[in-house]
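Q: Listed below are the residues making up each chain.
There are 2 protein chains.
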Amino acid sequence: MASVRDIGVSAGFNLLSAFVFLLAFALLRIQPFNDRVYFPKWYLRGLRSSPLHTGAFVSKFVNLDFKSYLNFLNWMPDAIKMPESELIEHAGLDSVVYLRIYLIGLKIFVPVAVLSMVVLFPVNYTNDTLVLSKAVFSGIDKLSVSNIPLKSPRFWAHILVQYAVTFWSCYVLFKEYARVTAMRLQFMASERRRPDQFTVLARNIPPDADESISELVEHFFLVNHPDHYLTHQVVHNANKLSDLVEEKKKKQNSLVYYELKFSRNQNQRPTTKTGFLGLCGQRVDAIEYYTAEIERLNKEIAEERERAEHDPKSIMPAAFVSFKTRWGAAVCAQTHQTRNPTIWLTDWAPEPRDVYWPNLAIPYVHLSVRRLMMSVAFFFLTFFFMVPIAIVQSLASIEGIQKYAPFLNFIVENPFIKAFLSGFLPGLVLKLFLIFLPAILMMMSKFEGYEALSILERRSASRYYMFNFVNVFLVSVVAGSAMTQLDTFLKSPPNKIFEIIGIAIPLKATFFITYVMIDGWAGVAGEILRLKPLIIYHLKNWFMVKTEKDREEAMDAGSIGFNTGEPQIQLYILLAFVYAVVTPIILPFILVFFGFSYLVYRHQIINVYNQEYESAAAFWPAVHGRIVTAMVFSQLLLMGLMSTKEAASSTPFLIILPIITIWFHKFCKGRFEPAFKTYPLQEAMMKDTLERARDPNFNLKGYLQSAYIHPVFKDDDEDDNDVQNKLEMETELVPTRRQSRRNTPVPSKMSYASSPSPSSKHMDL
Amino acid sequence: MASVRDIGVSAGFNLLSAFVFLLAFALLRIQPFNDRVYFPKWYLRGLRSSPLHTGAFVSKFVNLDFKSYLNFLNWMPDAIKMPESELIEHAGLDSVVYLRIYLIGLKIFVPVAVLSMVVLFPVNYTNDTLVLSKAVFSGIDKLSVSNIPLKSPRFWAHILVQYAVTFWSCYVLFKEYARVTAMRLQFMASERRRPDQFTVLARNIPPDADESISELVEHFFLVNHPDHYLTHQVVHNANKLSDLVEEKKKKQNSLVYYELKFSRNQNQRPTTKTGFLGLCGQRVDAIEYYTAEIERLNKEIAEERERAEHDPKSIMPAAFVSFKTRWGAAVCAQTHQTRNPTIWLTDWAPEPRDVYWPNLAIPYVHLSVRRLMMSVAFFFLTFFFMVPIAIVQSLASIEGIQKYAPFLNFIVENPFIKAFLSGFLPGLVLKLFLIFLPAILMMMSKFEGYEALSILERRSASRYYMFNFVNVFLVSVVAGSAMTQLDTFLKSPPNKIFEIIGIAIPLKATFFITYVMIDGWAGVAGEILRLKPLIIYHLKNWFMVKTEKDREEAMDAGSIGFNTGEPQIQLYILLAFVYAVVTPIILPFILVFFGFSYLVYRHQIINVYNQEYESAAAFWPAVHGRIVTAMVFSQLLLMGLMSTKEAASSTPFLIILPIITIWFHKFCKGRFEPAFKTYPLQEAMMKDTLERARDPNFNLKGYLQSAYIHPVFKDDDEDDNDVQNKLEMETELVPTRRQSRRNTPVPSKMSYASSPSPSSKHMDL
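Going down the list, the protein sequences come from chains W and H. Position one of the first sequence corresponds to residue 1 (the UniProt record's numbering), numbered consecutively onward. Position one of the second sequence corresponds to residue 1 (the UniProt record's numbering), numbered consecutively onward.
Among the hints, a few may not be true.
A pair holds if it fits inside one copy or across any two, identical chains being indistinguishable in the list.
[As the list claims (entries may be wrong)] With a straight-line Cα cutoff of 35 Å, these simulated DSBU-like cross-link-like pairs (lysine-lysine) come out: (1) Lys666 / Lys496; (2) Lys41 / Lys240; (3) Lys142 / Lys249; (4) Lys175 / Lys250.
The hints are simulated quantities; they were obtained by calculation from the structure and are not laboratory data.
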């Protein structure tokens, strides 16, 4: 049991380390040579250009404006300043609503923390149970429910607080759901014309002996949606083509690099080896080799493109069908087309950027089997993941190495290496697994056959949450591996399960406080430092960047990472709910996490992340659902805890809470969820009418004709103007006040006042 | 433990009683004065007229054609003969698909019974476990799994059979679901024009200060479905009006009766009393009194009708909206209309006959609260229904009567009455509750606010099944009330629960065999005898029938009663699944039930029942779901049983089965269920096109204008031609070959050859 002082020391230490991170961040970010690491969003939006082109040589790399070192924390107010509406324009609705998850944590738990501490601290503290029991305890335990004697009437205070927590949370959740729904509809209504507003993805088109897929689609929709059908695009299987294009791109870069090298040193023609990574194989003249390779690839690409575009076999039984009006598309997306509901499946097309192309051709039965397989796999992954890891750990142990790789004996016998290996290897293996876990979960989601990146991320998030719930929360609370838990829970009666966890909960409060500080505080501080992208960028910049375009690509803006970030928040929300009544002292620590994360992520969203897609907050129902699940779980735990405290008469009062909460969830689902699944006809009709009045001669067919073409068909010959095009398109799509900035050296009054504008820097010198 | 001989005796006895029922039925049904009890369907379809009008006096009441007594069992082949397609025309798809539930029982369990008996009887019988254990056992137990020693490898036979049962059942269920889906779509496609094909029920229309509901509806749909909207009918709150009309009808009947009486006996003007049932109050001249009363009611009805039709307050926020095409209606029914998904809810309108009018005005939040309340109420009803019954029983006991109603002492002290009361009263109270249970469940469903009778019945059926599952199945298997069960199960670990039930299962086989014979065999035989409608019809005929119209109304055709019948079949299916591997000897008894019921219900559907509505087999997904649930439950029970038999290595093999079964259910749900919820656009478009070609000038608006008018507005002045109208309409809707029969005395070759056609009877004489 950690004492209050231990916790204080630990908190101080963690605060210090977070402070060090922040300081490092503040120093690193104002160095021009890090500019592309800490402000990639602005580069991608075309509102900032590389500082390496202009000015004195030193100031290209190091910030010499010492004044800017003084106010190194002013990124914080800047992160807050940008108003929400502008942030939606700048980074999209997904990012803004993602931030609201942190806000909802604050909204729920600030009042809860105040209430719990004011009411429950005196109630808990003024007992002698722990003192009398002569058990080892800490000051924190004196503030928790553990300090209340059995059958005490004081438990009513906890029950009342739990009621207050439940009603307040439901109120906040309801308000928030309403707000997010309104924001989503508002966003969709105010958006400019987008191809996905008119387009439906038809999957599982049945094969027809007499007609090609394209003819079939056209006839089907001309017959069944005669007044609305406009055009369609079939989906080509271009996976091989994209591989080839990818290969050509790399070789082209190498060619440019060697040509550059040759132009600097005309004496020696550069050579390379043909084998793996240029390290082995025959030595050949590099420029000649790459020119020939590109020649070959060009030919292959042309053939493959011909095949992919025209071979009927490479056309998948799926198509993007576009309609004349949003109304027509909304109707088609929400209705069933044929008797057999597993063919001609129509659903909203994802945004073009959001489409996950390889999954578009999977037939219905496969989907169903794949999902079953993945459910079983996930079950085993969650409960038995320790088994393979234990095996690997035993292999990777000293004895394992001695046994299976005796040739390494001479290394292992070194006592220092031995100590290092035995102390470090098992942990490393586990850590490696945990690092790869999100990727594994993402692969599982991909295998299940979802057709959009946003859905894949949502699906992975839900699984990651479940994994965390079992392997972080449950395993920490009730000691023992997930496998042991499963065994225990299968063999315990349902009410016992909650008792087992309920009893353990107060004892683990100090552990979770430490966990919040290490995983939460330090993790967020690490997030803002972007150590990994920073190192990778500079490594790439030094070793691999051969051309200016490479530098463009070395810049890794990243994205929010919904599939890992959201489950983490949810874990903290779960902790907060579970401990709100039991050991409220944990709440301030979690609140600091929420507040700090909100700041950091808002900053990152403004300056760093570049979302790959826009799903208009389609993830909110899942977020809401998980928060409600956490609430219900905490209510059941409290019931379990109370019954072990022999406050048995409390059960009838506590059983009402989960019933109300589940009902509340159902109500919200009915009230709000349709707005996230369907597009109301009224909205569609309004936008259609408005647009017809505004822009009666718009050539919609031309606009939609090539919206959903596999990126590889677009990419090929436009490599060079590609990025520029993309930026222009985007700037056109999301016009902001920032646009004028490229020409004005003085920073505008908001939000990036402290971001050291490289051009203004050079003016100073 | 009942021995094989006991079972044999019991079976013989029950067979005999069923035979007696059948004999009684055979004799009663050919008596002309029972004609309206046993052939009401033909009367209602207008294909049979009362035998009382023509022929000799005696033969009006008693069948004098002795030949017809000889082949008294030939209703059975007749019940089979009518082909399914004709039966659909005759009685509707609901009835035909309902029969398929019995068929599915036969299809699944005939092969299962053969396999189980062939494989498992020898495996079970050739052991000495029971003999060695020296326990009391019967021959039946020797054939059951109880006779196998612990840890025996013979259990593999049971596991293999369970696999076979699972795969075979899934195969049959899949085929059947596909067949029923095809039948439903076929039925809807071949149907003639029906108002509900064009109509959508819009509920929760938001109030508007400036417009009436009717204007609002018109504007909303003109804006949002401009090309498809045709017309609409608002819903009036006419509950009071229908009460008044009902009252007037009764008084009119009395008037006719007294006028008839007076015309026979001109000397004495009939008198009546004004009080309750004419038994108390002031004595007045009957004809004058009723004339005045009708006068008064006429005035009140006119006023109320005026109010209901024109007072804006009596217009409910719901409307039936009709579209120009089925396509338009299908689109509107399947899409969301506005941002707020709880207003302007649109869904398919039920058939006009199927509408449950009083529920149309309940707002969304109320629905949600009402459903929560009913869930809680149903939970208590299921687990705690014994509490109020025990209280009533204690009140209704001898001591209770002596204490609370001492004035009845003189009766109670009679020793015969005392014995009767103490032996009979508690059972009577329970029986009364069970008789009223379906009505209670139906009231609960109505309170929940579903808008169609078919939905109410489905909902009640599902609850009745759950009630039976807990209070018949579980309570019989594990002795003790439902309340005790709940307590046990809450306090046992999940795997223990299935062990507890699993162990008890083989012991209760003889009980359930008896149950099947008494509740099943005798129950079905009772069903065909129609004792209750028979008695009530004759009572009404003798005492209350004042006019010919009254006789028409005294004839109670009834309907299948999905809400009670289906849960009963499901209980037997559950028993069959549970015992298929454990004690297969029970299967033949259940098969007899299925076969016999199929015959009886087919006969009743042809000759008796008159369905109130047609839902086109909308109940199938629920039926399928419950069968799958029973399968999964039986698999879990077998796992529990095996683990108590210490055949622990079987668990991994058995756990696969529920996973596969649940996956199968999900697959079927995705594959077939949409056909029961939505109307595919392709189908709608095909029918629309066909109809446009066939009947281009049809006045659809005129046709739909008054389709959805509250029955009370239709009824009023058309009382007399009402029944005739209805019959004509129905005959027009479902034309069959029977139509010619009214004029042909010779029975046509099929299906009712044995039904003693009264007219042909008279020809014989």
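Q: Hint by hint, note whether the structure agrees.
A: How the hints compare with the structure:
1. Lys666 / Lys496: Close inside one copy (27 Å) and across copies (31 Å); limit 35 Å.
2. Lys41 / Lys240: Within one copy only: 31 Å inside a chain, 68 Å across chains, cut-off 35 Å.
3. Lys142 / Lys249: neither (65 Å within a copy, 77 Å between copies)
4. Lys175 / Lys250: neither (51 Å within a copy, 54 Å between copies)
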